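First to last, the sequence lines map onto chains A and B.
Just so you know, the working numbering puts 312 at position 312 of the first sequence, and the rest follows in order with no gaps.
Just so you know, the working numbering puts 170 at position 170 of the second sequence, and the rest follows in order with no gaps.
Please keep in mind that the hints were generated in silico from the structure rather than gathered at the bench.
Where hints are given, some of them may not hold.
Across the chosen pairs, the derived CB separations fall in these ranges [to be verified]:
hint: 1; chain 1: A; residue 1: Leu251; chain 2: B; residue 2: Arg12; range: 25 to 35 Å
hint: 2; chain 1: B; residue 1: Glu133; chain 2: A; residue 2: Ser135; range: 51 to 61 Å
hint: 3; chain 1: A; residue 1: Asp15; chain 2: B; residue 2: Glu136; range: 24 to 34 Å
In this text the structure is predicted, and so the values were computed from the model without any measurement.
Note that beta-carbon positions come from the ideal geometry of N, C-alpha and C, so glycine has one too.
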Amino acid sequence: MSIIQPFEKPLGMRDTLPKLYTHHQTLRTRAMSYITKNGYEFIQTPSLEYFETIGKISALDEAALFKLVDNQGEMLVLRPDLTTPIARVAAAKLLKEKNPLRLAYNSTVFRAQQREGGRPAEFEQLGLELLGDTSALADSEILRLAAGLLRELGLEDFTITIGHAGLINQALETLIPSAEEQQRVREFLVEKNFVSIDRWAADYKQSNPFYAFFQEAIGGTSLKDLLQAFPELATDETKQFVSVIETIETLPELKNVFQVDPLVVSHMHYYTGMVFEVYGAGSGFPLGNGGRYDDLLKQFGTEVGATGFSIRIDHLLEILPTSTEPVTRRLLYTTQSMYAKALDLAAEYKQQGEFVTIQLKQAVQDTESFEKNFDQVTDLTEGEL
Amino acid sequence: MDFLTIAMPKGRIFEEALELLAAAGYQLPEEMEDSRKLIVEVPEEKLRFILAKPMDVPVYVEHGVADLGVAGKDVLLEQQRSVMELVDLKISYCYMATAGLPDTKMNDVAPRVATKYPSIATSFYKEKGEQVEIIELNGSIELAPMIGLADRIVDIVSTGRTLKENGLVEYEKIVDITSRLIANPVSYRIKQQRIREMAKRLREAVEAEVE
Numbered sequence: 001m002s003i004i005q006p007f008e009k010p011l012g013m014r015d016t017l018p019k020l021y022t023h024h025q026t027l028r029t030r031a032m033s034y035i036t037k038n039g040y041e042f043i044q045t046p047s048l049e050y051f052e053t054i055g056k057i058s059a060l061d062e063a064a065l066f067k068l069v070d071n072q073g074e075m076l077v078l079r080p081d082l083t084t085p086i087a088r089v090a091a092a093k094l095l096k097e098k099n100p101l102r103l104a105y106n107s108t109v110f111r112a113q114q115r116e117g118g119r120p121a122e123f124e125q126l127g128l129e130l131l132g133d134t135s136a137l138a139d140s141e142i143l144r145l146a147a148g149l150l151r152e153l154g155l156e157d158f159t160i161t162i163g164h165a166g167l168i169n170q171a172l173e174t175l176i177p178s179a180e181e182q183q184r185v186r187e188f189l190v191e192k193n194f195v196s197i198d199r200w201a202a203d204y205k206q207s208n209p210f211y212a213f214f215q216e217a218i219g220g221t222s223l224k225d226l227l228q229a230f231p232e233l234a235t236d237e238t239k240q241f242v243s244v245i246e247t248i249e250t251l252p253e254l255k256n257v258f259q260v261d262p263l264v265v266s267h268m269h270y271y272t273g274m275v276f277e278v279y280g281a282g283s284g285f286p287l288g289n290g291g292r293y294d295d296l297l298k299q300f301g302t303e304v305g306a307t308g309f310s311i312r313i314d315h316l317l318e319i320l321p322t323s324t325e326p327v328t329r330r331l332l333y334t335t336q337s338m339y340a341k342a343l344d345l346a347a348e349y350k351q352q353g354e355f356v357t358i359q360l361k362q363a364v365q366d367t368e369s370f371e372k373n374f375d376q377v378t379d380l381t382e383g384e385l
Numbered sequence: 001m002d003f004l005t006i007a008m009p010k011g012r013i014f015e016e017a018l019e020l021l022a023a024a025g026y027q028l029p030e031e032m033e034d035s036r037k038l039i040v041e042v043p044e045e046k047l048r049f050i051l052a053k054p055m056d057v058p059v060y061v062e063h064g065v066a067d068l069g070v071a072g073k074d075v076l077l078e079q080q081r082s083v084m085e086l087v088d089l090k091i092s093y094c095y096m097a098t099a100g101l102p103d104t105k106m107n108d109v110a111p112r113v114a115t116k117y118p119s120i121a122t123s124f125y126k127e128k129g130e131q132v133e134i135i136e137l138n139g140s141i142e143l144a145p146m147i148g149l150a151d152r153i154v155d156i157v158s159t160g161r162t163l164k165e166n167g168l169v170e171y172e173k174i175v176d177i178t179s180r181l182i183a184n185p186v187s188y189r190i191k192q193q194r195i196r197e198m199a200k201r202l203r204e205a206v207e208a209e210v211e
């Protein structure tokens, strides 16, 4: 461990400086208004949760959790995701009052980083959860709002890739005989390592229906044709998937922005139905993801359907065009005796929508460099001295 | 149409990869490798090549500044970055192995292993249930056992000549290494059609080559 310099922050922690903060705030306001208008209510859950419950259920690698011990000796975690705490509140309280339940959140989550910069350990997520509805229409509502939100925020070039946990599980289980092999291939899919799947298939002596499925899927065969070619995959769940896709094909929000890929497998193992990832041109990392996670609520003793998505605000900010509202930043130099006049004048400027800074001139050491931070300067001290 | 950006290691892998791309039907100019240029564009095919250090290729791809890359499996195993492995190009074949002085056993107390691949070496010995001390070196790994720095080395072996000339023998083979076509997961979606097509054409070219 090297000596910590005064300017350093713990690995992965970031400051949000004024410019970014403003940009961030504009985005947040627009997003929140879009989400509330669509019937979702925002909630906030605590930063700290028990390791035994949220920490274990949240499906994240234990190494990624920030752990600490409280004064009772209990192990705590800094919340690593929001879906799990929201499932906790919903199961314990809110679903008893309103079911189906539509909730939204905009909070930071904490995930410890092992490696170099570029990866924050605390980042903001914006998301929706629709609890208590297992229908295909609920899934398509989530997809519609994910796309609608991105469009609302001004993102043009993005893609939503949709898969289905039930479909890929069915494919793995019916097309690969041994459970051990199923697990191996699933891991290759999570890693998106197609070479390992090619190699696994090359070692295979008998005919390999899963590899045939894999090649069809990678070649872009449509969902309908896939289900026709592999009739053993047509379960009630996969039929629901087809109906989700048929619904969203008619929605204007999703026009030309989604693709179906049955090979999408999330590393979050709690997904049970449709799963999706959101990608935006210009960011090397996914903007967000979502899906149906009916099993998660079971862990909190309630059996209801749940579906939702979350967006990484930091990745989104990187690629969104900066839409700074045209505002005049005015500097008002004053003296002690002119202060009352300065306040009156400031009130007038503020009325006109300007951002006004009142500053005692003699307290500024380098006026030239200070003034560079403003669009307009009014000097009440002129002619005073 | 946007450019597809491909990160490539300089040198032999670059040449071999270009041959494969040509075999896959991509029209590339004759003289591509100018030793000083770091970015080479082929406007006719809308391709842009970034020439990088082999270890850096997955970094460019992971961050999405390159859509695709050609990287050795050794580098991919060592770095564990979140990139997609699309095609085994089956070029620059070699393998990862442990080696040491002939007829020697690992020190019982604190066996030491020198390597350029600390994470591959660590996980290999961990899986074997052996606790070793890993010493990271940047090159000429063969020196380590010769002068008593380490009992074993973990390194790539292609012909075995370097080992032989330095009086070392191979002990265990760890994994086969070839170069892979890798992709940034976002690019794979945003530029899906072109990337899938390139992967398909390359896969066919590789198969034709192998036969």
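**Report entry** Consistency of beta-carbon spacing, Glu136 (chain B) to Asp15 (chain A), with hint 24 to 34 Å
**Finding:** 33 Å, holds
Query raised in the report: Measuring from beta carbon to beta carbon, are Leu251 (chain A) and Arg12 (chain B) in 25 to 35 Å?
Result: 51 Å, violated
Query raised in the report: Cβ-Cβ distance between Glu133 (chain B) and Ser135 (chain A): within 51 to 61 Å?
Result: At 58 Å between Cβs, range holds.
The structure is inconsistent with hint 1 alone, although it conforms to all the rest.
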